[in-house]
Each structure stands twice: as structure tokens, then as C-alpha cells.
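Residue numbers 8 to 187, in the working numbering, belong to the letters of the sequence shown in order.
Keep in mind that the hints are not guaranteed to be accurate.
Derived lysine-lysine pairs resembling DSBU-like cross-links, with alpha carbons at most 35 Å apart [what the hints assert, rightly or not]:
hint	residue 1	residue 2
1	Lys170	Lys48
2	Lys30	Lys119
3	Lys58	Lys30
4	Lys119	Lys88
5	Lys20	Lys30
6	Lys48	Lys110
7	Lys88	Lys30
8	Lys170	Lys119
9	Lys9	Lys71
10	Lys170	Lys30
11	Lys88	Lys122
12	Lys48	Lys88
13	Lys71	Lys119
14	Lys9	Lys110
15	Lys135	Lys119
16	Lys135	Lys58
17	Lys9	Lys48
18	Lys122	Lys110
19	Lys110	Lys170
20	Lys110	Lys135
21	Lys48	Lys135
22	Lys110	Lys88
23	Lys71	Lys48
24	Lys9	Lys20
25	Lys71	Lys30
26	Lys119	Lys20
27	Lys48	Lys119
28	Lys71	Lys88
29	Lys122	Lys135
30	Lys170	Lys135
31	Lys170	Lys88
32	Lys71	Lys135
33	Lys122	Lys58
34	Lys135	Lys88
35	Lys71	Lys170
36	Lys30	Lys9
37	Lys48	Lys58
38	Lys20	Lys88
No lab work stands behind these hints, which were simulated from the structure alone.
Nothing here was measured: the structure is a model prediction, and the numbers come from that model.
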Amino acid sequence: LKELNLSIFDTSKVTDMYCMVYKCSGLTALDLSGFNTAEVKNMSSMFRNCKSLEEIDLSAMDFKSLEEMDEMFYGCESLGKVVLPSQLPFIGSKAFYNCQELKEIIIPDSVKVFKAKAFVNTGLNSLKLTNDTIEIDDYCIGYNYDSESGYHRASDFVIYGNKNSSAIIYAQANDIEFSC
Numbered sequence: 008l009k010e011l012n013l014s015i016f017d018t019s020k021v022t023d024m025y026c027m028v029y030k031c032s033g034l035t036a037l038d039l040s041g042f043n044t045a046e047v048k049n050m051s052s053m054f055r056n057c058k059s060l061e062e063i064d065l066s067a068m069d070f071k072s073l074e075e076m077d078e079m080f081y082g083c084e085s086l087g088k089v090v091l092p093s094q095l096p097f098i099g100s101k102a103f104y105n106c107q108e109l110k111e112i113i114i115p116d117s118v119k120v121f122k123a124k125a126f127v128n129t130g131l132n133s134l135k136l137t138n139d140t141i142e143i144d145d146y147c148i149g150y151n152y153d154s155e156s157g158y159h160r161a162s163d164f165v166i167y168g169n170k171n172s173s174a175i176i177y178a179q180a181n182d183i184e185f186s187c
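Please model the complete structure; the sequences and the hints are all you need to start from.
Take a look at the structure:
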């Protein structure tokens, strides 16, 4: 399975999409246009270990009922670009963990919380956080993990944000470069 068009499914009453396309390791493309997610509360591990998925556009999806998105893209090793919806309230724990090719993601201003280890072992070398009221959990941004040394700062990582924001406080506390 390399491509999947989910736009034809009636998902208007679906509340749980946990592990929906889990381990579809050959999946490279996914059409989510017209995908109704207004009632979905759980998207945890929804795309977990879709190792060949290269890019995904979630901009048309409605996340107003979302409560869980932990490990949503965990292990999507080829995922290089993600377009998030403008009303996304948070980034779940380990949401992009081991997305080693992730180079491009725009965090919408609606995101207020970044849960633990959300961006560990990604290909990101920077992240722009424009929202001033952000809660950022431990080892969330600018970290890598390996079994020998555990969690350690990613080299040459930069957090961009506003002065006097939670982003600068997180960067300073974690000895990560910060720029306005």
C-alpha cells in the first residue's frame, strides 16, 4: 500500500482514530482533504511507524475536540514536511519522535502546550514559536536520544521566538540558542 485516499470515508461520527494507519510502512502519500475530524478526541499513534510517509497536510482537519495526539507521527522516518491546522491546541508527547527527516513544520499560534519529547530525534535544526503563552515540557525541543548517552541537546539547534516568552525561558534553561 503506497497511497491512500481517505477523503471518501464518512468520519463525521468517529471519535477515536488511535492507530488508524499504524505501521503502513509502504505508505508514501495520504489524501486527507474532506476528512471530517470534528468529533475526534484521540489521534494518538494515528500515523505511527508509517516509515515511508514523506509529507502530510493536516490544514483542512478540524482539531476542536482533540484531547490526545501522543506519538501521532512517532517513527515516521521519511516525514520531511508537516502542515498543521491553524486551530491545533497542543503538540502531544512524542508526537514527532524519530521523524529523522523532518525539516519543515510551522507551529500555528494556537498551540499553547508542547508535551514531553515531542520533537526528539527529528531533522529539525530550528523551531519558530511565536505564541507567548506556551508551556514546554522536558526534553521537548532541541533534543536527541540514544541508548548510550540518553537524552542530550541537539547540536546547533536554535529556537526562534519573542522576548520574555516561555520559548526563551525554555531555551535558557536547556542551554539552547535563542533568537528573536
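Results of checking the hints against the structure:
{"no.": "1", "hint": "Lys170 <-> Lys48", "verdict": "holds, 34 Å"}
{"no.": "2", "hint": "Lys30 <-> Lys119", "verdict": "holds, 29 Å"}
{"no.": "3", "hint": "Lys58 <-> Lys30", "verdict": "holds, 8 Å"}
{"no.": "4", "hint": "Lys119 <-> Lys88", "verdict": "holds, 21 Å"}
{"no.": "5", "hint": "Lys20 <-> Lys30", "verdict": "holds, 24 Å"}
{"no.": "6", "hint": "Lys48 <-> Lys110", "verdict": "holds, 28 Å"}
{"no.": "7", "hint": "Lys88 <-> Lys30", "verdict": "holds, 19 Å"}
{"no.": "8", "hint": "Lys170 <-> Lys119", "verdict": "holds, 17 Å"}
{"no.": "9", "hint": "Lys9 <-> Lys71", "verdict": "holds, 30 Å"}
{"no.": "10", "hint": "Lys170 <-> Lys30", "verdict": "violated, 41 Å"}
{"no.": "11", "hint": "Lys88 <-> Lys122", "verdict": "holds, 20 Å"}
{"no.": "12", "hint": "Lys48 <-> Lys88", "verdict": "holds, 24 Å"}
{"no.": "13", "hint": "Lys71 <-> Lys119", "verdict": "holds, 14 Å"}
{"no.": "14", "hint": "Lys9 <-> Lys110", "verdict": "holds, 22 Å"}
{"no.": "15", "hint": "Lys135 <-> Lys119", "verdict": "holds, 13 Å"}
{"no.": "16", "hint": "Lys135 <-> Lys58", "verdict": "holds, 26 Å"}
{"no.": "17", "hint": "Lys9 <-> Lys48", "verdict": "holds, 27 Å"}
{"no.": "18", "hint": "Lys122 <-> Lys110", "verdict": "holds, 20 Å"}
{"no.": "19", "hint": "Lys110 <-> Lys170", "verdict": "holds, 25 Å"}
{"no.": "20", "hint": "Lys110 <-> Lys135", "verdict": "holds, 12 Å"}
{"no.": "21", "hint": "Lys48 <-> Lys135", "verdict": "holds, 27 Å"}
{"no.": "22", "hint": "Lys110 <-> Lys88", "verdict": "holds, 6 Å"}
{"no.": "23", "hint": "Lys71 <-> Lys48", "verdict": "holds, 9 Å"}
{"no.": "24", "hint": "Lys9 <-> Lys20", "verdict": "holds, 27 Å"}
{"no.": "25", "hint": "Lys71 <-> Lys30", "verdict": "holds, 26 Å"}
{"no.": "26", "hint": "Lys119 <-> Lys20", "verdict": "holds, 27 Å"}
{"no.": "27", "hint": "Lys48 <-> Lys119", "verdict": "holds, 17 Å"}
{"no.": "28", "hint": "Lys71 <-> Lys88", "verdict": "holds, 23 Å"}
{"no.": "29", "hint": "Lys122 <-> Lys135", "verdict": "holds, 16 Å"}
{"no.": "30", "hint": "Lys170 <-> Lys135", "verdict": "holds, 13 Å"}
{"no.": "31", "hint": "Lys170 <-> Lys88", "verdict": "holds, 27 Å"}
{"no.": "32", "hint": "Lys71 <-> Lys135", "verdict": "holds, 23 Å"}
{"no.": "33", "hint": "Lys122 <-> Lys58", "verdict": "holds, 23 Å"}
{"no.": "34", "hint": "Lys135 <-> Lys88", "verdict": "holds, 15 Å"}
{"no.": "35", "hint": "Lys71 <-> Lys170", "verdict": "holds, 29 Å"}
{"no.": "36", "hint": "Lys30 <-> Lys9", "verdict": "holds, 12 Å"}
{"no.": "37", "hint": "Lys48 <-> Lys58", "verdict": "holds, 24 Å"}
{"no.": "38", "hint": "Lys20 <-> Lys88", "verdict": "holds, 29 Å"}
The structure fails to meet hint 10 from the earlier list, while all remaining hints are met.
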